[in-house]
Every structure is written in structure tokens, then in C-alpha cells.
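Undergrad: As given, the protein sequences belong to chains A, B, C, D, E and F, one line each in that order.
For the first sequence, this note's numbering begins at 183 and goes up steadily by one.
For the second sequence, this note's numbering begins at 183 and goes up steadily by one.
For the third sequence, this note's numbering begins at 183 and goes up steadily by one.
For the fourth sequence, this note's numbering begins at 183 and goes up steadily by one.
For the fifth sequence, this note's numbering begins at 183 and goes up steadily by one.
For the sixth sequence, this note's numbering begins at 183 and goes up steadily by one.
Derived from the structure by calculation, the hints contain no laboratory data.
Where a beta carbon is used, it is the ideal one built from N, C-alpha and C, also for glycine.
Treat the hints with care, as some may be off.
Sample of chain A residues lacking proximity to chain D, with all beta carbon distances greater than 12 Å (derived) [to be verified]:
(1) R211
(2) R233
(3) E349
(4) K386
(5) R443
(6) A459
Capping the alpha-carbon separation at 25 Å, the derived lysine-lysine pairs in DSS-like fashion look like this [claimed, not checked]:
(7) B/K312 with A/K386
(8) D/K386 with E/K386
(9) D/K386 with F/K386
(10) E/K386 with F/K386
(11) B/K386 with C/K386
(12) A/K386 with C/K386
Covered stretches of chain F (chain E as the covering partner; in silico rule of three or more C-beta atoms under 8 Å from a C-beta of chain E) [to be verified]:
(13) 195-209
(14) 348-358
(15) 415-423
There are 6 protein chains.
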Amino acid sequence: MTGPTTGPTTAVATYAIPPTFLGSRRSDRSAPICIAGIPLDLGTTNRSGARFGPGAIRRASRMLVDGAHPQHWVDPTTLPLADIGDFALALGDLAASMALIEQQAGGIEHLVALGGDHSITLPLLRALAKRHSAPALIHFDAHIDTWPDNFGQAYGHGSVFYHAIEEGLLDPRRMVQIGIRSPVPREVYDWTLARGVTPITAQKFHEIGPAAVAQRIAEIVGDGPVYLSIDIDVLDPAFAPGTGTPEIGGLASWQVQAVLRRLPGLRFVGMDVVEVAPAYDTAEITALAGATMAWEYICLLGLGR
Amino acid sequence: MTGPTTGPTTAVATYAIPPTFLGSRRSDRSAPICIAGIPLDLGTTNRSGARFGPGAIRRASRMLVDGAHPQHWVDPTTLPLADIGDFALALGDLAASMALIEQQAGGIEHLVALGGDHSITLPLLRALAKRHSAPALIHFDAHIDTWPDNFGQAYGHGSVFYHAIEEGLLDPRRMVQIGIRSPVPREVYDWTLARGVTPITAQKFHEIGPAAVAQRIAEIVGDGPVYLSIDIDVLDPAFAPGTGTPEIGGLASWQVQAVLRRLPGLRFVGMDVVEVAPAYDTAEITALAGATMAWEYICLLGLGR
Amino acid sequence: MTGPTTGPTTAVATYAIPPTFLGSRRSDRSAPICIAGIPLDLGTTNRSGARFGPGAIRRASRMLVDGAHPQHWVDPTTLPLADIGDFALALGDLAASMALIEQQAGGIEHLVALGGDHSITLPLLRALAKRHSAPALIHFDAHIDTWPDNFGQAYGHGSVFYHAIEEGLLDPRRMVQIGIRSPVPREVYDWTLARGVTPITAQKFHEIGPAAVAQRIAEIVGDGPVYLSIDIDVLDPAFAPGTGTPEIGGLASWQVQAVLRRLPGLRFVGMDVVEVAPAYDTAEITALAGATMAWEYICLLGLGR
Amino acid sequence: MTGPTTGPTTAVATYAIPPTFLGSRRSDRSAPICIAGIPLDLGTTNRSGARFGPGAIRRASRMLVDGAHPQHWVDPTTLPLADIGDFALALGDLAASMALIEQQAGGIEHLVALGGDHSITLPLLRALAKRHSAPALIHFDAHIDTWPDNFGQAYGHGSVFYHAIEEGLLDPRRMVQIGIRSPVPREVYDWTLARGVTPITAQKFHEIGPAAVAQRIAEIVGDGPVYLSIDIDVLDPAFAPGTGTPEIGGLASWQVQAVLRRLPGLRFVGMDVVEVAPAYDTAEITALAGATMAWEYICLLGLGR
Amino acid sequence: MTGPTTGPTTAVATYAIPPTFLGSRRSDRSAPICIAGIPLDLGTTNRSGARFGPGAIRRASRMLVDGAHPQHWVDPTTLPLADIGDFALALGDLAASMALIEQQAGGIEHLVALGGDHSITLPLLRALAKRHSAPALIHFDAHIDTWPDNFGQAYGHGSVFYHAIEEGLLDPRRMVQIGIRSPVPREVYDWTLARGVTPITAQKFHEIGPAAVAQRIAEIVGDGPVYLSIDIDVLDPAFAPGTGTPEIGGLASWQVQAVLRRLPGLRFVGMDVVEVAPAYDTAEITALAGATMAWEYICLLGLGR
Amino acid sequence: MTGPTTGPTTAVATYAIPPTFLGSRRSDRSAPICIAGIPLDLGTTNRSGARFGPGAIRRASRMLVDGAHPQHWVDPTTLPLADIGDFALALGDLAASMALIEQQAGGIEHLVALGGDHSITLPLLRALAKRHSAPALIHFDAHIDTWPDNFGQAYGHGSVFYHAIEEGLLDPRRMVQIGIRSPVPREVYDWTLARGVTPITAQKFHEIGPAAVAQRIAEIVGDGPVYLSIDIDVLDPAFAPGTGTPEIGGLASWQVQAVLRRLPGLRFVGMDVVEVAPAYDTAEITALAGATMAWEYICLLGLGR
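This is chain A alone, in the form it adopts within the complex (with noise of 0.2 Å):
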């Protein structure tokens, strides 16, 4: 375990915790919250390297340490969170990668996962399929991640939410897309309205704001179970370089958290961050979104504990 020898906790310097998430210390897939890696990239349709996004979100998150929530006065290291380290995966084989995910999620009682590319997503909710039938998504990205298929594959990044939906593992019509920007089929864009699924287009947002944001989202997911889902590429590429399929015109960071510190009273069963490409990013900035992301999450379920 890296980590100073000898000292105080609060001795600790930033670049000297542990790099696990948030510097936990615990590591039982047992714990109430577990954090775990998923390094796939294998459904990426074009920059690779989301591989590398857990290591780097971990190693970012250690920023956040050393204090409470601004806002809601949690402090997340206070919480029963474990990191369970990474999920093993299947070179070069999405699909058999897939069915590992699946199979390592089940048992985990609240999984916040660190991909990988957002093709992690699909196993995680057939997991939680088990436990919770069709949750609500709040699914933050600049793409709806509905078409059909990839390069002519039916698996990949950008059909996550087709099969999803196809496979009953989410109620489209508590489904609420936030960001949305990039070209798209038409058809498939049609396809996903026809669905019941609830767009917020990037300009959208602009043009109305985070609280109008916020308030949308809590009549479409309602009382029940919620999945949150933050694809990073959500952010413009200014606040996140390091992904896979930028598109510009996207979110500034403070318009994501301003939306999710407005839904502590949401019933939320599991989360994602993905996408976090670290190859791509500079001075780590898209990494610490990442892992801020995480944390607000994590401090919005410890207001409800």
C-alpha cells in the first residue's frame, strides 16, 4: 500500500495518499459503497485509451480529501466507501468483456464505477437488472448513445442505451438525456423520442439553466430507483480534452454540479463516469472531472444516509 510511513493522517501531502479513490483505505467488495475501475476501451469508435481512465480519476480524486462538500457538508471519507480496485476484463473481445463486467457487479450492494468507455454501462445495468427492474437513467453526453449499431457491430460506446432499452433494462420514459449535441442519424434520434426518452440538447441548457435543468430531470425519474450515468464528453472540450468523441458547444463543469447538488432527494442505486481518456488530457484537468463528478455523487448519497 503506497503511502507515508510514518505521520499523522492530516501530515499526508496530496501526492502522497494512496492512489485508490478518494485515498480510501478500504477495499471489500463487501462495503456499503464500493468504487471500481473498469479500464475497457474496446468499444471506443475513435480515440482509444479510456484504459487508463480509472488509475487517473483515482490519482485526481486524492485532490478532494482533505475536507467537506462546500455545499452539503459532507465528508465522503467519513462514508463506508471501499475501492475495490479494477475489474478484469477479456484482450481485444468486448463482448466476453461485457459478460466479466456483469458477472463482477453482481453482489456489489452500490457500485460507482470508473470507466473505461461507456460501453461499460450495458453489463452494469444488466446487473443491476437483478436488483432493481428498469430504473430511471440520468444519462449526461454529448451523444444519446442510441444507434443501433457500430461501424456495423452491434456492441460499442454509441449503442449502450439501444440495447438497454431494447433489453427492458431501463424505463425509457423516466430517461432524461442531458447535453446532447452531437450529429446524429435522424432516424435515430427519432427512434429514442419515440422511446419516451426526455432530450436536454446542450443549447438547451444554455439557454435555460441549470435550476430549470434540475427540476426537469426530478419530474421525469420521479420516486423510484435512479441510475446516473456521466459520460465526461458531456463537458465541452474545453473543461474535459481527455475523451474519446469530443464535440464542441458542450457544458462548462459548474453546470453539471450546479444540476446534481439539486437532486439530493433522488433514490439513486449506482453511477458511472466514463470516458476519461487521460492520453488526451491536459494537466489532468478532465480527469479531476471525473473524479469530482464521483464525489459529488458520493456526497449527495451521504446526505441521505
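Given chain A, work out where chains B, C, D, E and F should sit, using these hints.
TA: Here is chains B, C, D, E and F on its own, set in the frame of chain A:
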């Protein structure tokens, strides 16, 4: 021609698409819309490197191929578009290069030019003057570019519109400059105002928002022919680090898009996007911004067809 | 002295201007306004490298030389400004370095300091206390910097204002902190509030906008002497990646400028801009942000002359 | 097709040459020498990103266009060379991608493949086996690539030659591995020796020099058909940082060139250069190394014509 | 503890191995060989940032896990090795940090220290002096590090061996410095020679080669206890850009390896590798060089067991 | 003038030294040795950016201040050296810029020029011709630079020595080119040989080593006046990534130093180091290489005084 050797187009991965603009396989100058690269950086007063702009913008444009514009629902790959390659230039000789640009732009029906530094716009306007007398100008930039000289030289990227106005290539009363914010000698600013040009500073833009800006533009440019020139440094360096003369306090990319998307009724006669300098870019986000701006423009053209 | 050896000043290219602040050729400590670099990074709790801040800020400042402020119409190169070079420091010894800073700041009429990490502000305030009793403070930062210690050490960049308040160097009831957003122990936050300090968090700023923030600042600081301290990490990492302790959710550079430009009537007695760490910068945008903040301040001074 | 729209070829600036290999304007698969990109990185065990290798190598190759080889005096732009674009692949499915590669390589007279990770070589050898029984192999690499598996998977870039030998695609007694230096399980190394393969470690190479290495290669491969596979990580990371599994202690680029230039008499039947991962490159030097290696090979082919 | 949560060790991808040195899961100080990080950069005279060296070296070391040393055939993961984490330090206080280092190094049987700047070596030698009187020193460096002060301060990374010799911590007649090449005051150089130290300059090394160097080292250090200190700037900046005080004309990494591999018979009592500054690294090659040097050393220890 | 405001020179940290060459505080053109920057990149055929070379070389030179040359024992800060700043140039006009360079170089006793691209050498030789008839030339470069034109233009960085020979500015029989390796048209190469020029290719250099090269140089240049021109791309891109037209297979920096250090008896009359392009550099190693080459030259001058 690079590109996959087998399989349907839909099976082509983003990074395997031929690096022409939007993967265009058409290259004849007789196309109704021609894209050309103008890899000039001889007119640059600070960081050079815009000569690599066209190639970087083309490569980045491949991210935009898969689908339609998410608001106008135009798919630009269905438009009669040709990427005619790069203009030939004279090494080390700005004046001769400008003459070559004017000559090569001649006879093209509708040109979308990928710079290169802003000094390309002067010969493009000279060529345009043979077809359209004194068009209006929508000019996005951090700089007003009406300096009468550049470190003592008549031509350069800071005096483009000084010469364009002096030569009568534009109607300055139908000229609007958006995002202006650099230091500037008062006499240069006053000269510009005295010609009838309307500046909308970056601070003003932030105050009034894109809808008001778009309305003001429409009022100023009216029904006549309009040329659009986007200096990528109109964006804040956060959104466009890869440029030669950055100025902080600039626009977000969504703001520029929000303006452009409100201009479908205008009678556009040509466009350029300039000053992408890839050596200073991070994760190709500036190149992507440049490509997306040209794509927004082409979608506007598509709406009118 | 670097700089062109022949030709009029107007013929000097940006990159050939001597790399002093705004290309200043004056260097005497008797100038009414002195710029000094303080290349200290011994007080940094995370990424080091702010020792290269002064040089990077100076080089970037050359982009701002050609013309006047586009709103105040002050040309700072016409002000009685001297770049007096870098302060000497004690390698590896923060306490001794602070003493050296205090000593070297003595006797300067009006100092604009280029950091270096934020721990330089404490000795600067100590030196200032000999001229002005308990000035007001306008403090832009992601962090409140009132931790009572830094990993167990009394001094460091996170406890600057704890000591300043404890030593009576500032009037905490006339102290406003803008852009605050990092995690922080509740007791540190409460201690700060109890001293009478007014925080305006980044989220609050985004909600109410720069005009309201500027008005609140004016109310708080009043008519007495005011010191301005800008930690560049007040900006979002998108705008200022080159810093030591970035926090997402921060301000855009235009927002900080929009506040500063509304403060011309205040009675400023000194200023610093700190925490520019060039090794983490991209395309020198953080250095440019730092330089522009100092330039905005100097233009305010120019308005009052 | 990108490239200047007017003027003689000699007036084309390096960066305006169409980004095909050596600016080739020929793209038919019937050419005597075909260049193809194989943008695969599904078989990578560490850093991904070799999918961008073909594009980067092509762009870098333009530096090599203006003139003849300075030792062989072959000008490869005069050879019957076509750049046939990129092979189609199956997203997220290494096995299916390998089948596609084998299929697309079929029927090409002489293929120069630009990877992509090293796992492309296995299907290329399978395709070659239909024309040439068990060719010799000259293999430049930091790794012996005869691991029987990759993290438990049969295929991947570390087991290429294990399978090639097991499938009888090569004559292991006429196989020489140059630059070997990574940690390796003893049993993997011994298995390789037992097959008859000759390793020349990097340390050995540094001791005996390129002339002795070239002579040893000539002795081993003899007069039969020879395949050349260059993993760019044979170069030291100083010379090729842009790769997935770097190992220090490697070769300088001049050393590899010094060997290749001594092999004009061999009967080459195909070549690949693999593992260029541009996201990790600096100043495109790894891409240039990859391009130059393919250019050296093509000049050898030109000598024999 | 990070790392895959299921599956056999052999199925763990490189980037999913826990980021301890060589993925070690042992962390007790009673291990026969202890690895510790010492994230100090307070003694740096130029670029800071070596505080991030230990983390970067640990991550890079994972590339070396899969197999045995290709010459000694030692697999260091089979040795009784613990990564005991990072030493605690005093922020901003070099003298206090050195005292903490000395204290924490006490009682460790055999320490391999990952710096951190070179000033860590002095307290490590002080701690060692309690076990071994005046060991020999093999010192790889671009600088002789016997300056009597550092910009006027007694301690710093340039005066480590001045103090070590003055304090009698080393036997200077059994001290050899390899790779020396920086400018140096003649009196500093002469003082060092007069103490009996043997320098082998970089130019000399290039002339005579690693075998002769290794033989000279063996002659000088003899049979007594030997400490090995590798400043990564002994490598040319091409091989180790990520360091604080680079000097051109340095060694290639293979040369240092070629020396180390010829030293299996020596009686090593401790080792450090210092001055890896990741913020200046490219593609993590300097971190990999640092990790590989420590791995070479540990393999030497393994040979002797 | 930047630099510490108090304390003895020896207390000045490297990064606080004024960024003139070697921290020189003398700037008059009457100095026996003048350093000038020539920030020209209009003659560049590939990557631009050498305009930032002088500034980067000056900053890097500060690493070389503290001490004497470790072989010649000359301390160049004790020589009568002035850094006279940058030459003025004409934006966008290579021919006019060359005339300005020739004019500004006139009257300087001994000039050490920091480029800028290689096209600066032609006007420098023209200026030199007024003092010394047809000096010998020692030319380090990857390219022979005797192309009769550059993409159709007479002047540019590829035809410097074509014109210099044609204009009789050099004695081609006393001209030696070291490190040559780029592709080149045979007729250009043959023309050069026919003029009497002696090339030593990079491959030849690697074969025979620096001592033999130095001896060959001495034989060729003889006792007359000698000009030294170092294009930094003579170094392999590993050692000098920050340049415009890199070619692999180049020299290591130690090799160039090993040659230069063997030339103390020559009658040098001027020197330039060109083609450092900082935007492509990593960790400033190319700038440091450029600075060190100029420092080696100045130390040679110091030996002769």
C-alpha cells in the same frame, strides 16, 4: 485516396475516413460548394503554425460525419460539396501568396476556405468582389483587424479589414464584428467606428447573450450578400488554445454556435475559418472547433437549398 | 537587454519584445508602480512549479502591449511602470524566503507582484502593514486559504489568510473571497465566517453574475485602502490548467474581467497574481490569464491618475 | 483528394501534399506495391492508440518525398506504388478483425502494412502463406512476442509469433529477432530458442554493431522469401516515445537504418511497421521513424527492380 | 488496494496492476528489501516537480512485471520485496524534511528509495552510517553535486556529496562519479578530486564504453559495502527529459544498463534513483527509465540471494 | 531588466537569472563578441515556429551559467560578451528580412546568431564577406541546403548554401557538411560535390566516430577564417524534437560536442545555431541543445584569447 478498401461506408471507423473535409470524395472545382485549404502563416504577428490548420481541420471534421445537424437536420454529406485541396502559395512572400490566393479563388461558385492566418481573407474578398459588389461582413474575432499596418508592413493578419474597407471590397455599414476584446490603439478603433462598422465586444456579448447578438447581426447585414469570416481566436483560449494571438475573456463555442444557428435566412456568398494553429492545440479541440464552425455554415447553406 | 537592435518600437514583433512585464525598459525601484516577480513554490501543497510563473507571465504580457485597454482606454505602457526583476529567495526554506520577500517589498510605493505560490501574499501584507493599517482584501480564489496549517506546518499557501487575519494585517470584515469552491473542513469555513469574511462561492457567482458581484465587493471594501490578490485557480481549469491545485466548477476569465472592470473607484494599494505553474499550462493560456489580470489592475490604476 | 489545386508538383509545400503514403496519388489494389493502413489496437496489452498510426505515418512520410534515398539513390515516388487506404475492421472484436485483415490482404501482390498493433502481423502472415510457404522473418522488436497468451486470451500483440510458428506460417530456423530486451518468462524465451529462432538482444546489438548484425541476418534468412516486421518499440523510447509498450535500452534509429541498408540482396515478400501510437508521440518523431522505416524498405525493393 | 477484483494474476492487464512498485502487495517495513518513495523537491535549483517522481516510477514499473530479467533471469516479483509507501515530509522546510527522512529510513534492512530530488541522499546516507561505516559510492549523474552551497544555502540537491564527504558518511577514495558533464567551478571540481573521488565524464564514457567503465568501477569500490545513487539526469535529455536540471551530451539508457549488469558481485547496501520530474516527461519515458534502473538493481540483489 | 533585486549574483536561482544569453547584462554592439537573436521563420518549408528560437535558447542558456566548461575550463561569463537583442525583420517578406539582417549584422566584430530558420545564414555570410573573403564553412545539418530553389522560390532555408556558393561568399573546397541524411535529388547532391564540398553523412559519422570527423574537418578547413553553422536538426529528433524538418538517423548531442571540443585551434569568424522551433520541443531539450552548442563555440573563442 486513403480509406477502407472494403466494406460499406457505414462500416468505416472515424479515424479511417479519408482526411478530406467531412470525408468528401469529390474534388472538382465545379462543385456548387468548394472547400479549400489555404495553408498560409506568413501574415502572423505572433505564433506561426496556421499552415497546418487545413489538415488539422479536415481530420477533425471526420467526427462530424455520422449523422445530421441536431437542430437543422441537414446532413452535409448529402450536399454537392467538394474538397478541392490546398491552394498553392509562394514561400516567404506574403504579397505573392495573396495574389496566388486571389487567382485560385476565382471561378469557384461558393468557397469555404480553411486557413491559414487571417491575411487570406483579403485576397478572398478581392476575388469575391468580381462577383458581388461590397457584401456585408459577419466577422467573429478577438481583434478588429483594422490596423493600418503590421509592425510597419502594409499587409498582415491585423490589417485585413483596413485594406478591405479601403479597397471598397466590403460595405462597412453592413459589417459587424463579434467578440472583440484585444488591446487596440484608440485611433484604430475610432477609425473603424467612423467607417460605420458595428463592434459587439466579448463583454457585451456575455451580457446580452446570443439571441440578442443574432438579432443585431440580422439587422445590420440585411438582405444583401453576406460573407462570414470566423477567426477561431474569437473563442476563449480555453476553447481554442491552438491559435496564434489568443486573448482571454472570449466566447464559448456554444455561444458562437447559438448565433450561427439563428442565421438561416441570410444570403451567404462565402466563408472562411482562420487561425487554427495545431502546434499549440490540445487534444485537437481547436481544430474540432474550426471544423464545426465550417460545418455549421454548410448546414445553413443546406437549409436554403 | 533583449529586443530588436534597430528600428522604431512599432516595428517590434510581439515575440521580439524584451520579456519584461509589458516590455517595460524601466527597472528602478523608485518607480510609482513596480512589478516584481517572486519565483517561490516552497509553499505549494500539490503541484510545484509556480517558480516559473513570473517569467511566463512576463513573456505572455507582450501580447498586451500594442494598444489601449478596449474599455478604459488606458495604455499601460504610458504609465510610470518599472519591472524590477525577481526577488531573491532562500532555497528550500519557506520561512527565510518569506522574510526576504517582506524585506524586499519594503520601500516600494506600489507593488504588483507576480507569483509564485500564494504563500508570497503573507509577507507582502506584512510589508504593506507598515504603510496601511488593515486594508480591505479582494481575494479571488478557489480556496479560502484560511487553513490553520498545511500538512502540519504553520506556513504554506493554504494558510495565508489565517495568519494575515491572526496578525491583524487585514480587516476581515472588509474582506471578500470570490470563486470559493474546494472541499474544506467545516470548522475552517466557520472560523472564516466568524471573523467577518464574506465568501462568494463560484456557484453563487454563476447564479448572480459579475455585476452583482462587483456591487457586493464595492459595498464590502468601502473607501479605505484595498489589496487585490488573485489566485489564478479562481478560474476553472479549462481557463487556467497551469496551476498547482485546480478545482473544477470555476470562473471563466471574462467573468473575473467583468468584475474588475467595474471597480475603478477603489483605493488600491497593491496587488498580486499567484499560482501560475507553467509546466502544467497549455499553449501559455494560464500565463496569459495571469498577465491579463495584472494588466487589468494596472489599467484601473491608470484610470485614477 | 487534398493537395494544391494549381501549380507544378515541385511547388507543393510539404504540409500541402495529400496525406497518403509519400503523397501517392495511386490507390488501386493492382499496383505492384501496395501500402495499406491497418488501424487496429484491440490487441494492445498496455497503451492503446495504434489505430491512429496509419494516418500519422502517412502524414510524416511527406517529409521524405523531395528527392532520392541518399545512399541507394532510389526515388520511391518513381516506383509503381499505391496507397490503397485502410483495411476495414470489426469494432471491439479482435478475432473478427484478424479475419477481415487476412481477407483484405489476399490478392495483393506485395503489401507494405502500416499498423496498428502487432497483432495485425498474424493475419498478414496467414494471407502470405497462400503465396509463400514458410518465409523467413526479420523481426525488429523489444519483445519476442512468443507469449502463448495475453492476459489469458489466445490472441494479442504479444503472441503473434507463437501462433505464427505453431501454425507453420514461418520457418523459425530462418527467423531472427533484433533488439529484444523486455522482461520475459524464462520458459517463453526457451520455447522460442528451442524452435530455432535466433534472438539478437539490444545489448548484443550495441556491442557488435549494425554491420555484424546485418551479416548475421543475411546468414540466417538465406535466399528464400523473407518477411520484415518492424515493431517501432525496437527503438529506444527516446527515439520512439509514441508507442504502447516501451522498454528502455533500445536501439537508435540510425542503427536500424544501418542494418536495413545492408540488406539489398534479400528476397522480400512483404513488410509491416507496427505499434506507432500517436497520442504518446512528441513532435511526430515516432510517426516519422515509422514512415522512414517503410521508406527504407521500399527503397530496397526499388534497388531490386 | 487497487487491482482486479477477480481472476488469476496472470490475467491482470498492465494498467490494472496496483500502482505500487512492481505491483507489490507487501507493505511492511520488516521486509528484507523495502521500496519507499520520498516525494521531496525542496532542494531543487531549477525545475521543481520531483515530488511526483515516486508515483510515476511506481506506475511505470508495472511494465516490468511480466517475466524475468532477460540476462540475469531473476524475476524480482519473487523476491521478498515491500513497497512501504512514501516518507512523510515537512512542507516548505528542507532541513526538517531531511531530518524526517533520516528518521524514517532508520531500521530498514535494505532500502531502495525513489526520489524526489537528490537532496534525499544525504539523510539516507546519514541513516546508513549507523549500519555501515563509510561505504563506497557509485554515483551516476550529470553533476558532481559537491558544490559547497546552493544559491547561498547550505543544503540542496547540488551539495549532497560535499556534505556527505565532509561528514564522513562515504569513503571518497572509493567513490566514482559516472556521466559528469555540467559546467562547474574549477575549484569545486578540484576539491572533489583532492578528496580522492574518481570522475568518469560522459565524454570519457562514450569513448571507452560500458565494459571499461564497469571494470573501473569494480576496481574503485572494491569489496566493501557500496551504495548506488542514480540521478536520472545522467541520461541524456533525449532519454530522460522529465528531470529538473538536464544537461545535453549524456548517456543512453542502454549504457547505464550495460554497466549495472556487469556489477553482480558487489556488496550493495542501498540504492536510490532520483530527480524524475514527471511534469517535464514525455510519454512517461523518464519514469520508465527510473523504474528500470531500480529494477536492474533489485535483480542484482536477487542474483546474490 | 529582470533578475533578483537584492543579494549577490551567486544567490540568483537559475530561473531568476535575466533571460538574456548566459544572463549577460551587457547589450552594446561594440562588444568583442555579440549574441543576437534573429527570429525569422519565413524561409521554413515545413513546420514554422523558429521565430521563438532565440527566446527559448536564451532562457535555456541560464542552465549553463554556474561554472566553467568541464573540459576547456573557460567560464564564458568572464568573456566580453553582449546580448544585443533581436534583429528587426519585415513581416511576411523574406527578401526584405534578409536585407535587414545583412544590414544589422554589419559592423559587429564577432557575431553569434541565434536563429530563426537557416535562411538567416545567407545574409549573415553576405555581411561577413565584407570582412573576410570566402571563409571556410563547418556545417552541421541533416540537409545539404544546396537546393537551387524552395517550392519554386529562389530563397528559403533549403537553398542557403546554393546561393552562398554561387555568390562566392564561401570557399566550397573548404566546406564540410556533417550529419547529412535527408532524401535529396541526385543532381543537387552531385552539384554540391562538383563544387568541392565534402559531405560526412550521419551514417558515416556513426561509423568513424567524432575523433576522425574532427580530424577530417581540420584538414578541410585549414588555417583560414572559418564560419560555423549548426542546424539543430543535425541532431536526431530524439535529441532535438523541436525543429521544423526533422530526419531520423541523426547525431547524438555528445557526438557534436565531441567534434567541437576538438577544434580549439581554428580561426573562427562567426557562428550561428538555427532551426530551434520551441512549439515542437519537449521539456526545452532542443533549446538547451541550441544554447549548449553556442556555449561550446564561445568557450572555444575563450580558449584563444
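Undergrad: Does each hint hold? Answer for all of them.
TA: For each hint, the structure was consulted:
With a closest Cβ-Cβ approach of about 21 Å to chain D, A/R211 is found to remain outside the 12 Å limit, as its non-interface label requires. Not every CB of chain D is more than 12 Å from the CB of A/R233 (nearest about 6 Å), against its label as outside the interface. A/E349, annotated as away from the interface, keeps every beta carbon of chain D farther than 12 Å; the closest lies near 18 Å. Consistency note on A/K386: stated as away from chain D, and its beta-carbon is indeed over 12 Å from all of that chain's, at 31 Å minimum.
Every CB of chain D lies more than 12 Å from the CB of A/R443, the least distance being 34 Å, so the non-interface label holds. With a least beta-carbon separation of about 8 Å from chain D, A/A459 fails to lie farther than 12 Å from that chain, contradicting its non-interface assignment. Simply put, B/K312 and A/K386 have alpha-carbon atoms about 41 Å apart, too far for the 25 Å limit, and the pair is violated. A hinted pair counts as satisfied when its Cα atoms are at most 25 Å apart, and D/K386 with E/K386 qualifies at roughly 21 Å.
With a C-alpha separation of about 21 Å, the suggested pairing of D/K386 with F/K386 holds against the 25 Å cut-off. In summary, the hint linking E/K386 to F/K386 is supported, as the alpha carbons are separated by about 21 Å, within the 25 Å threshold. Our distance criterion of 25 Å between C-alpha atoms is met by B/K386 and C/K386, whose separation comes to about 21 Å. For the proposed pair A/K386 and C/K386, the alpha carbon gap of about 21 Å is at most 25 Å, so the pair holds.
Against chain E, the segment 195-209 of chain F contributes 3 residues with a C-beta closer than 8 Å to a partner C-beta. That satisfies the three-residue criterion, and the hint holds. Counting residues of the segment 348-358 of chain F whose C-beta lies closer than 8 Å to any C-beta of chain E gives 0; at least three are required, and the coverage claim is violated. Given a C-beta distance limit of less than 8 Å, the hint that chain E covers the segment 415-423 of chain F holds, as 3 residues qualify and 3 suffice.
Hint violations for this structure: numbers 2, 6, 7 and 14, all remaining hints satisfied.
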